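Participant: One letter stands for each residue in the lines below.
Number of protein chains: 2
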Amino acid sequence: MNFRFSRYDLRLKHTFTIARGARNVSPVVILELEHEGIVGYGEAAPSARYGESVDSVAAFLSRVDVARFDNPFQLESVLSYVDGLSNGDTAAKAAIDLALHDWIGRKLGIPLHQYWGLDKSKTPLTSFTIGIDTPQVIEEKVQEAEAYPILKIKLGGENDEEIIRTIRRITKKTLRVDANEGWKVKEQAVEKIKWLEQEGVEFVEQPMPASDLDGTAWTRERVTMPLIADENSLRLHDVPKLRGVFDGINIKLMKCTGLREAVRMIHAAKACGLKVMMGCMIESSVAISAAAQLSPLIEYADLDGNVLITNDPFDGVRSLDGRLALSDRPGIGVERNI
Amino acid sequence: MNFRFSRYDLRLKHTFTIARGARNVSPVVILELEHEGIVGYGEAAPSARYGESVDSVAAFLSRVDVARFDNPFQLESVLSYVDGLSNGDTAAKAAIDLALHDWIGRKLGIPLHQYWGLDKSKTPLTSFTIGIDTPQVIEEKVQEAEAYPILKIKLGGENDEEIIRTIRRITKKTLRVDANEGWKVKEQAVEKIKWLEQEGVEFVEQPMPASDLDGTAWTRERVTMPLIADENSLRLHDVPKLRGVFDGINIKLMKCTGLREAVRMIHAAKACGLKVMMGCMIESSVAISAAAQLSPLIEYADLDGNVLITNDPFDGVRSLDGRLALSDRPGIGVERNI
Chain A
1126 MNFRFSRYDL RLKHTFTIAR GARNVSPVVI LELEHEGIVG YGEAAPSARY GESVDSVAAF
1186 LSRVDVARFD NPFQLESVLS YVDGLSNGDT AAKAAIDLAL HDWIGRKLGI PLHQYWGLDK
1246 SKTPLTSFTI GIDTPQVIEE KVQEAEAYPI LKIKLGGEND EEIIRTIRRI TKKTLRVDAN
1306 EGWKVKEQAV EKIKWLEQEG VEFVEQPMPA SDLDGTAWTR ERVTMPLIAD ENSLRLHDVP
1366 KLRGVFDGIN IKLMKCTGLR EAVRMIHAAK ACGLKVMMGC MIESSVAISA AAQLSPLIEY
1426 ADLDGNVLIT NDPFDGVRSL DGRLALSDRP GIGVERNI
Chain B
1126 MNFRFSRYDL RLKHTFTIAR GARNVSPVVI LELEHEGIVG YGEAAPSARY GESVDSVAAF
1186 LSRVDVARFD NPFQLESVLS YVDGLSNGDT AAKAAIDLAL HDWIGRKLGI PLHQYWGLDK
1246 SKTPLTSFTI GIDTPQVIEE KVQEAEAYPI LKIKLGGEND EEIIRTIRRI TKKTLRVDAN
1306 EGWKVKEQAV EKIKWLEQEG VEFVEQPMPA SDLDGTAWTR ERVTMPLIAD ENSLRLHDVP
1366 KLRGVFDGIN IKLMKCTGLR EAVRMIHAAK ACGLKVMMGC MIESSVAISA AAQLSPLIEY
1426 ADLDGNVLIT NDPFDGVRSL DGRLALSDRP GIGVERNI
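If you read the sequences in order, they're chains A and B. All letters in the first sequence, in the order written, are residues 1126 to 1463 by the numbering used here. All letters in the second sequence, in the order written, are residues 1126 to 1463 by the numbering used here.
No lab work stands behind these hints: they were computed from the structure. Treat each hint with caution, since some may be false.
The list cannot tell twin chains apart, which means a pair is met if one copy fits it or any two copies do.
The calculated DMTMM-like cross-link candidates involving lysine to aspartate or glutamate, where the alpha carbons are at most 20 Å apart (straight line), are [as the list claims (entries may be wrong)]: (1) K1400 - D1363; (2) K1311 - E1286; (3) K1232 - D1453; (4) K1395 - D1180; (5) K1395 - D1363; (6) K1311 - E1283; (7) K1247 - D1195; (8) K1266 - D1134; (9) K1319 - E1283; (10) K1245 - E1201; (11) K1395 - D1208; (12) K1298 - E1287; (13) K1247 - D1208; (14) K1395 - E1201; (15) K1309 - D1244; (16) K1245 - D1195.
Keep in mind the model is a prediction, meaning the values are calculated, not measured.
I would like the entire structure built from these sequences, with the hints used as guidance.
Facilitator: This is how it looks when you write it as structure tokens:
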């Protein structure tokens, strides 16, 4: 068992702006794990929010010696070893997790949703994300998202009201809001959320800083709109702490080290009465398709990272009128384009 | 996809007594699920404690129509449908869950521990259970258990002190105690547990009635010995409530509806900082081997139900010096003897 990896720059259709910054290109690392002539694909989409970069991913992967394990079926042992190599590097770890799962699915000749016992007809709708931007660009993006029945709106910047007003002028679609920790004071969070309740928003993600769990609990008691944790729900051990503070969690493969921990987080969340959303970074069809394989288990999907780019190196999950459409291809369900 | 089932009476080597009663024969239901010429085995070991009997299992299974599903890979859909048919019937539901999993493993040609990504060299030791009995019979049983480094002692009856004194006279082995809700008052529970701490007992299972969670929490603050939930940890949704009340949970396939929910409970427990034990009823090698397939994920095993019987209709997991030894047979890993 061995692997190789390389950097790949995903080019964005539009400059993408959230509360923390803006960019045109999003570099990822594509990993190929080989054993017995079968190749499994993985991907790391590093986030500066969690201290990762393409360089840190490469540095981490260079330290990983998978040759010491017999085969990719040794998921528990390999991934425990990989996770134990450092505290962070969650996207780098996810690249290995994804490749192992893809390999297993290809070896068994079944797609991962089948491996997990899921029904591919039960995938959820996925939202389409609209970043923070000028009214003119936002109008363009809403038009581009015509096929998607749900829009996810990034707020938490200077012009929240203007963004929602612009969108509501042209569409009555279901809106979901992601504040990305942008509302710093609990009174402000309550005020913003009460306003969003009037605007027909379904839920709000991470209204306040992850460090302010008390403020979030205080906010939740004063609003009716569900609050979904994102920056607060990184790993499995975070989940029980969010009972009574949030109504659901957003799981991202790049934050939680991959599919194996994502499955565990879904079950822990359900045990705690929390709804589950799966989200993404700007990612190619490798990571998006991997998350989509799990999506029959979740309530909300925000898996559009591959739709926002112009040079996807893989062909994978499609969306039909906003619904994730899984194929019968084995493993993650991707084929290389380039 | 279809199944058939029949009653089978497991004969016990010794009359088996716990705090709730005594018996010599323990009837189970063996289920065979067939699809595409492959047969997967399941088993229901009904418990009167949870309102089940061989008759109630048969009545429940007669209501289940699996022919409406395409194939056994549809675990999520089939098991959601089966679980939705009634509130209880957890052993009957487990029979179907086990057979589906066995079928999948046989179809893919891999044992379930491999399907779940586990390392079969990492199985735990299993304890050997000594029921409530006279000093003479207890002495015999301790001798019979020579190969097992850990004994699990059933207490909660009239002669707790006599039982422990008898055992400690002849062995220094690690002891685990199961009180089966036998200590009805919290002050009594504290007194018993403090005494067991002196006797070198590793942990105690379910000291107090499941209905008295407050009394259990009160007890836990006053003792150092870990408390493991049994009658309190039936299903996935029970797990988060046990944080801060118990130190671990005992998962039994017959209480939790089978392997799929057991996997979920293990992850929910780990998220909550709870240790995991897997236990059993009096069961044939079908159900014991199924639980053993999961055991590389858990801390404590009490999977000796098949060792306590004389007419096991299946050959499955063995134990070597008390350690569960998984084979490379596909699925649950059993073959019919009879």
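Participant: Does each hint hold? Answer for all of them.
Facilitator: Hints, one by one, checked against the model:
no., hint, verdict
1, K1400 - D1363, "both (14 Å within a copy, 17 Å between copies)"
2, K1311 - E1286, "within (18 Å within a copy, 58 Å between copies)"
3, K1232 - D1453, "both (14 Å within a copy, 17 Å between copies)"
4, K1395 - D1180, "neither (36 Å within a copy, 32 Å between copies)"
5, K1395 - D1363, "both (14 Å within a copy, 11 Å between copies)"
6, K1311 - E1283, "within (17 Å within a copy, 58 Å between copies)"
7, K1247 - D1195, "between (35 Å within a copy, 15 Å between copies)"
8, K1266 - D1134, "neither (22 Å within a copy, 68 Å between copies)"
9, K1319 - E1283, "within (18 Å within a copy, 61 Å between copies)"
10, K1245 - E1201, "between (26 Å within a copy, 11 Å between copies)"
11, K1395 - D1208, "between (24 Å within a copy, 16 Å between copies)"
12, K1298 - E1287, "within (17 Å within a copy, 72 Å between copies)"
13, K1247 - D1208, "between (31 Å within a copy, 18 Å between copies)"
14, K1395 - E1201, "between (22 Å within a copy, 14 Å between copies)"
15, K1309 - D1244, "neither (41 Å within a copy, 46 Å between copies)"
16, K1245 - D1195, "between (31 Å within a copy, 12 Å between copies)"
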